[in-house]
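My request is simple: use the sequences and hints to build the entire structure.
Number of protein chains: 4
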Amino acid sequence: MMEFSIKSRVYLEDSDAQGIVYYVNYLKFMERARTDFLRDLGFDFQSLQSQKGHFVVHSLDVRYLKPAKVDDEILITATITKTARTYVVFLQEIRLIKPPGEEPNDPNADVLCRSQVKVACVSSGSGKPMVIPPQIADAFQTKTVSIQGDR
Amino acid sequence: MMEFSIKSRVYLEDSDAQGIVYYVNYLKFMERARTDFLRDLGFDFQSLQSQKGHFVVHSLDVRYLKPAKVDDEILITATITKTARTYVVFLQEIRLIKPPGEEPNDPNADVLCRSQVKVACVSSGSGKPMVIPPQIADAFQTKTVSIQGDR
Amino acid sequence: MMEFSIKSRVYLEDSDAQGIVYYVNYLKFMERARTDFLRDLGFDFQSLQSQKGHFVVHSLDVRYLKPAKVDDEILITATITKTARTYVVFLQEIRLIKPPGEEPNDPNADVLCRSQVKVACVSSGSGKPMVIPPQIADAFQTKTVSIQGDR
Amino acid sequence: MMEFSIKSRVYLEDSDAQGIVYYVNYLKFMERARTDFLRDLGFDFQSLQSQKGHFVVHSLDVRYLKPAKVDDEILITATITKTARTYVVFLQEIRLIKPPGEEPNDPNADVLCRSQVKVACVSSGSGKPMVIPPQIADAFQTKTVSIQGDR
Chain A
1 MMEFSIKSRV
11 YLEDSDAQGI
21 VYYVNYLKFM
31 ERARTDFLRD
41 LGFDFQSLQS
51 QKGHFVVHSL
61 DVRYLKPAKV
71 DDEILITATI
81 TKTARTYVVF
91 LQEIRLIKPP
101 GEEPNDPNAD
111 VLCRSQVKVA
121 CVSSGSGKPM
131 VIPPQIADAF
141 QTKTVSIQGD
151 R
Chain B
1 MMEFSIKSRV
11 YLEDSDAQGI
21 VYYVNYLKFM
31 ERARTDFLRD
41 LGFDFQSLQS
51 QKGHFVVHSL
61 DVRYLKPAKV
71 DDEILITATI
81 TKTARTYVVF
91 LQEIRLIKPP
101 GEEPNDPNAD
111 VLCRSQVKVA
121 CVSSGSGKPM
131 VIPPQIADAF
141 QTKTVSIQGD
151 R
Chain C
1 MMEFSIKSRV
11 YLEDSDAQGI
21 VYYVNYLKFM
31 ERARTDFLRD
41 LGFDFQSLQS
51 QKGHFVVHSL
61 DVRYLKPAKV
71 DDEILITATI
81 TKTARTYVVF
91 LQEIRLIKPP
101 GEEPNDPNAD
111 VLCRSQVKVA
121 CVSSGSGKPM
131 VIPPQIADAF
141 QTKTVSIQGD
151 R
Chain D
1 MMEFSIKSRV
11 YLEDSDAQGI
21 VYYVNYLKFM
31 ERARTDFLRD
41 LGFDFQSLQS
51 QKGHFVVHSL
61 DVRYLKPAKV
71 DDEILITATI
81 TKTARTYVVF
91 LQEIRLIKPP
101 GEEPNDPNAD
111 VLCRSQVKVA
121 CVSSGSGKPM
131 VIPPQIADAF
141 QTKTVSIQGD
151 R
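If you read the protein sequences in the order shown, they are chains A, B, C and D. Residue numbers are given in this note's numbering: position 126 of the first sequence equals residue 126, and the series is strictly consecutive. Residue numbers are given in this note's numbering: position 129 of the second sequence equals residue 129, and the series is strictly consecutive. Residue numbers are given in this note's numbering: position 71 of the third sequence equals residue 71, and the series is strictly consecutive. Residue numbers are given in this note's numbering: position 84 of the fourth sequence equals residue 84, and the series is strictly consecutive.
Mixed in with the good hints, there may be bad ones.
[As the list claims (entries may be wrong)] Beta-carbon label-pair distances, calculated as ranges: (1) C:Lys7 - B:Gly101: 49 to 59 Å; (2) A:Met1 - B:Lys98: 45 to 55 Å; (3) B:Ser126 - A:Gln141: 44 to 54 Å; (4) A:Met2 - C:Lys7: 21 to 31 Å; (5) C:Thr86 - B:Asn108: 57 to 67 Å; (6) B:Gln135 - D:Gly101: 17 to 27 Å; (7) C:Lys98 - D:Gly101: 57 to 67 Å; (8) A:Gln51 - D:Ser124: 19 to 29 Å; (9) C:Glu73 - A:Gln51: 20 to 30 Å; (10) B:Gln135 - D:Ser47: 45 to 55 Å; (11) B:Gln141 - D:Lys98: 30 to 40 Å; (12) A:Ala84 - B:Asn108: 23 to 33 Å; (13) B:Lys98 - A:Gly125: 17 to 27 Å; (14) C:Lys7 - A:Met1: 20 to 30 Å.
[Said to hold, decoys possible] Now the stretches of chain A that chain D is said to cover, found in silico as 3 or more residues with beta-carbon under 8 Å: (15) 1-15; (16) 19-29.
FYI, nobody ran anything at the bench for these hints, they're computed from the structure. We treat Cβ as the ideally placed atom computed from N, Cα and C, and that holds for glycine.
Right under this line is the structure:
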């Protein structure tokens, strides 16, 4: 399976006075999935730091479709759609997990938001673009899915 | 002047372990500018609620150019580039304010990030698209700048 | 076991420019544990709302002992030390989970912070104190530990 | 005047699904006031870093009295009640600013929450307690108010 995913619960901290998840916070959920994906491949925040680099978000776009509410259980996905020398592109979705007993999920019907996130590797000192360390790039490569219409 | 702006300081709460502003938090700064823009036009969160509607972010894209750090003073701009029946599009920038004594700002050189945010008016009950109340739409209209290449 | 606990990972979103977890965010972790504790007893945010009440934090104190860092795995505990008519008191700790292979945890050596949180039940309309609904109070009662020196 | 204060507006980002400011976020407002107080005395986050130290919150307690809501304007105060060799204690309040035209504020009637925060100076490397640099300690000293019942 090329799509990585984690589950999470929505807590009061994630919500706002409109009674739904504050739209900015979906991006935090998405980063948790990217981080766990990287960890699943054998790398973490500190292992990259030891190579004098770190990953930063270069650009992103998000399309909000339906809101999540407190108590909801959600699935956060991350799929690598492009691995380049100094950056990697993720396609991510947040989907509502229906409580047991309700009809089976129609994946498209339950997508709450969808995002494309371009993550760049930069030098910790200068902040300049840096080539992704080979063992990380190789791991990304084995997980990269070609998607039609990728930017 | 069609561009609305506010100033803010960067605090520890805004930063992350990379020593810079956590990229998600720029979106909070941008919302503060949109909210104050709306307030400047005579409307606030609660005045819209009394009309059984509220504004939600429909979609956004962000391009991160340079990071801000704790103690930095920043300018957050908001310009309306399109007003439609049920939504409005903002172009927003966050710019570093140079300390007094440093050479005058080159606006382009100091842009930290740039975003396009589409904000939709929805019915508070159903969450369905709702026509922007006329007095708010009129106020937006008087502040709308036509920008070449607007989506 | 009277102590309820959940595990969590520390992400970049939780950290600050000092390279550690931003001290305010430990309180979010603690609320997640209280919420999951309540859910484990059969109640959630929305079930309480249907009774026209909700829980709010009345007061809290926190003692910070050692910092957590990005990538750390932590255990967040919640123990009920008092159940009264309109409020409940939790004692909570956040402990560092040592990676496998390191010597066994000395519970006291690994406590990162410790908090006492008094949570009150209030009427959703007026915000006035409200008697905790009996089935919730009974569930709290079965989980209440008498602790010497409790306030 | 020994009490330092800043004003702020409450934004959607500060609120939660209960329609009020998420209780954890009051602590962020309080830190902004402490930071601006320090800046007003001539010191900032980076000036302390250059002395190989930084300030961390050692412990705090908060008493929540009344909630703030989106659009509210609030006053955040900070008063130094004790300056010791390696730490400083602040008494802080958040007060609702009544809209013009309403009756004059009764300071006690408008207190939304009150907190005591003990801030310690620690060595950036080891995290061990560090003596507050003399010029900062002196500045704190001139602003320290003796309060009966201070811990």
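Here is how each hint holds up against the structure:
{"no.": "1", "hint": "C:Lys7 - B:Gly101: 49 to 59 Å", "result": "51 Å, holds"}
{"no.": "2", "hint": "A:Met1 - B:Lys98: 45 to 55 Å", "result": "49 Å, holds"}
{"no.": "3", "hint": "B:Ser126 - A:Gln141: 44 to 54 Å", "result": "45 Å, holds"}
{"no.": "4", "hint": "A:Met2 - C:Lys7: 21 to 31 Å", "result": "27 Å, holds"}
{"no.": "5", "hint": "C:Thr86 - B:Asn108: 57 to 67 Å", "result": "58 Å, holds"}
{"no.": "6", "hint": "B:Gln135 - D:Gly101: 17 to 27 Å", "result": "22 Å, holds"}
{"no.": "7", "hint": "C:Lys98 - D:Gly101: 57 to 67 Å", "result": "60 Å, holds"}
{"no.": "8", "hint": "A:Gln51 - D:Ser124: 19 to 29 Å", "result": "23 Å, holds"}
{"no.": "9", "hint": "C:Glu73 - A:Gln51: 20 to 30 Å", "result": "22 Å, holds"}
{"no.": "10", "hint": "B:Gln135 - D:Ser47: 45 to 55 Å", "result": "48 Å, holds"}
{"no.": "11", "hint": "B:Gln141 - D:Lys98: 30 to 40 Å", "result": "33 Å, holds"}
{"no.": "12", "hint": "A:Ala84 - B:Asn108: 23 to 33 Å", "result": "26 Å, holds"}
{"no.": "13", "hint": "B:Lys98 - A:Gly125: 17 to 27 Å", "result": "23 Å, holds"}
{"no.": "14", "hint": "C:Lys7 - A:Met1: 20 to 30 Å", "result": "24 Å, holds"}
{"no.": "15", "hint": "1-15", "result": "holds (count 3)"}
{"no.": "16", "hint": "19-29", "result": "holds (count 4)"}
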